[in-house]
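Peer 1: Residues per chain, in single letters:
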Amino acid sequence: MLKFVGKRLVSALFVLFGATIITFILSRVIPSDPALAFYGPKATLDQSARLRKEMGLDQSIVIQYFKYLKDMLTGNWGYSISTKQPVLHELMTKVPSTLEMIFVSIIFATLFGILLGIWAAKNAHKLVDGSVRVFSIAAVSLPTFWLGLLFQLFFVGRLHWFPATGEFDTELKFLNPIKHVTGFPIFDALITGNFHAVENGLWHMVLPALTLSLYSLGLISRMIRANLLEVLSQDYIRVARAYGIKERVVLFTLALRNALPPVTTVVGLSAAYLLTGTFFVEDVFNWPGIGKFATTALLNVDYPAIMGITLLGAMGYLTINLIVDIVQAKLDPRVRSE
Amino acid sequence: MKTLVEFKRYLLRNKLSLVGFLLVNFILLVALFAPWIAPSPKEGRGVENIDHIGFGPGWHHWMGTDILGRDVLSRVIYGARPALLIAICVVLVAATVGTILGLVAGYMGGWIDEVIMRVCDLFLSFPPLLLALVAVSLLGPGLTHAALALVISWWPWYARLVRGQAQSLKSRAFVEVASAMGVGTFTIVRRHIFRNVTTPLIIQAAADLGTVILAAGSLAFIGLGAQPPQSDWGLMVADGRGLVFDQWWVATFPGLAIFITVLGFNLLGDGMRDFLDPRSQK
Amino acid sequence: MSAPIIRVSNLAVDFASKGIVVNTPLRGVSFEVESGKTLGIVGETGCGKTLTGLSILNLLPPNAIRRGEIWLDGHGELNSQNMADVRGVQISFIFQNPHSAFNPVFTIEKQLKIVAHRQGLDHHQGERIIRDRLKEVGLDDIDRVLTSFPHQLSGGMLQRCMIAMALLGTPKLLIADEPTTALDSTIARQILTLIYNLQKQYGFALILISHDVGLVSDIADNIAVLYAGRVVETGTTNLVLSDPKHPYTKGLLQAIPSASVVRGGLTAIPGQVPANTLTIVGCSFASRCSQVQASCANDPALKEIAGRNVACGVVTR
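Residue numbers (the working numbering), protein chains in the order written: chain A, 1 to 338; chain B, 1001 to 1282; chain C, 2001 to 2317.
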């Protein structure tokens, strides 16, 4: 198992190395004059030349790349053009809020996706099955940004059940400020016993997390249904029934365990969709995370920030794939011994 | 390949696929005949009408009017055009580029295969859509750039799919026989390999059409896709987001149009997969 | 002669689609098996052998409807209520492909334990019996076998594990559906011998289902030849194989390379088993039979000819 993880880790590092090539090309080739981007159109020739020298742009492309790689490894990810802050610092302060939302969404989507999938498979080719199928196709057809607006319109505008935007009420900062421990706001509130903040944060979380998770919910429930039906038609299920094993054990222990490994792939894929999905959800719900930062950076062509986000995105994606590989190997002995 | 007659029979038996088929055709017709259907073609093209600002849905404006007094229905009808155009163009170009590279990689093998597939891996090492977002940001916003950006992030999927198929077909008996008989490489690839990858290719393309519309809508929503005053669904939702509590119709109807169109494509794509690859039905 | 353990009468299976019967692959099969005896069920692919085995335990797909009666010693008529008590306890099943019969994601130990638990054995009893049975089926390195996943074992070893699983209870009847077909011929011979010896030891009745008449003839006391969902000839193995009466049985024996009973070279039976029995009019074998006559338009019933039962309208002695 350790050897397996090690092998996957090495190959992930290789891919990450490749990803830096893409971000490097994007950062050096597309903006023709970084000085122009940094100082704006009023940059003087002198400023431009100095900056080019400072950034090492007068050197060969290979040397530039290695310099870029060194910068990335030493945490020197440049300065955001719009906020003038170090990009890495900006990203690190915003990642926790986004991760908390992704975490809640993926848990919700996986849990309910599995339940829906089982329910559909148990009632295969009946009305329930058809309804779940329609629901899951509809779920992957919904534009996330529009769904968020609809939720706001209905649950906030009409029913006044949830707050419209933000991560916490603004008063919370003064009444129950969250102590900084790990940087994850709700988690920090939880471990410091600030339950008022936990409740407030979760309350704000409901609509964006629901919006974000619906796509994954659709994907996962369909995958579970298909896999479960496939598994239920296998010989070993017939054997279990021939030996009088209870239907509950057959379904939840024997069959589900076989249907899960391929589902981890889909959960991983959904998590990857969530990474970019947060861009739109955070935009709609004014969530102070990476997504909000990213959409602003993309609109302002804040390319040091964009490169940072891209690289971070690749890291996140690779981490997800790595986790999927490991979980799959844990669940399926055949993968492990490959 | 199965025939159209069989597909018709399949549609009649599978109600959901039939709904998808009808929805897609409906949207196609709307896009095609927009100038004749739209109550106000001028407003549908984006010309403002400041006397009609903020009208709710009613007899004269079924879907109300937007911040510049334009009839939302007319704009939704015109919005079908960029949506379908971008979906078809992106899928067509991405599939073509991907297929050519995939065929070359799969059939040639060796270092060519290695190079093409490693480049694919590089593109696929980013979360879906991220590369497209970055590309369109650097290229500058606009419908054409959005399409280009989507092609950039989409072709590797096709290349990978076709390459896998081509590689497994290459070692199959009928290809080896043709090769031994001295049939030219180009003919083998065209006649034996390409023809056998069309089914998975069609399944993939049908599934992607809806996803591309969603992606293009997302780009437009954050301001990186179609630009005002063009009537684009994603853009129109963005226009209406600020007043979602006061004038709900401005954002609701264009978003609904995206949803229905994508739903249509997804239902149809799902049906196509079942039809062309019955094993997946289980 | 002891009393029969199981008596199957007029067992039939319908396949239905949307409430309409679309095929009847099994059309009234009757037989009985005595304690310690072996019944071989033979026939070509698609004649209903496997369905016969599965329908005894009601393991049919959801679109299948079972008709007829199955009586089990000590349980009476088997129905959906008492079926749960019988499965795996009174009647055990051995499947054709050992590789697909074991769940790929659990160890052999876990899978055997689930069945042992179902027999009402506690943890320690279960562990002891599992080890005993694995030893009895001729496995050496039991610790390794127990901790292995199915893909790590050979087909022969897995089939031995399957037999061990079948004997975790105290079955009165063992149904073995093509137990050796997926194995090498040398291993197949060992597995068959093993089943034979275990039968002598435990005294269960055995239903051996196979397309291989040669194999069945080695250990079966009685034989039933199935064709298109019906028994066409049944009697003691010796009698049926040394002097087959039904033209189909004759054809089947001539098609076996190793059968020494019939001279005159290897001949295949022309044609195929009818795919759908609903299309059959009269004798189901008529379209492939060399002795076909006008009377074959009537559906023949089983009747006693020369010491065994034959369903043929032409053969009289």
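Careful, some of the hints might be misleading.
Unchecked claim - Below, in silico cross-link-like pairs of lysine-lysine (BS3-like), each with a Cα-Cα straight-line distance of 25 Å or less:
1) A:Lys-330 with C:Lys-2113
2) B:Lys-1015 with A:Lys-122
3) C:Lys-2113 with A:Lys-246
These aren't lab readings, by the way, just hints derived from the structure by calculation.
Peer 1: Against this structure, judge whether each hint is valid.
Peer 2: Hint check:
1. A:Lys-330 with C:Lys-2113: With a Cα-Cα distance of about 21 Å, the restraint between Lys-330 (chain A) and Lys-2113 (chain C) holds, given a limit of 25 Å.
2. B:Lys-1015 with A:Lys-122: Roughly 22 Å separates the two Cα atoms, so the pair holds.
3. C:Lys-2113 with A:Lys-246: holds (14 Å)
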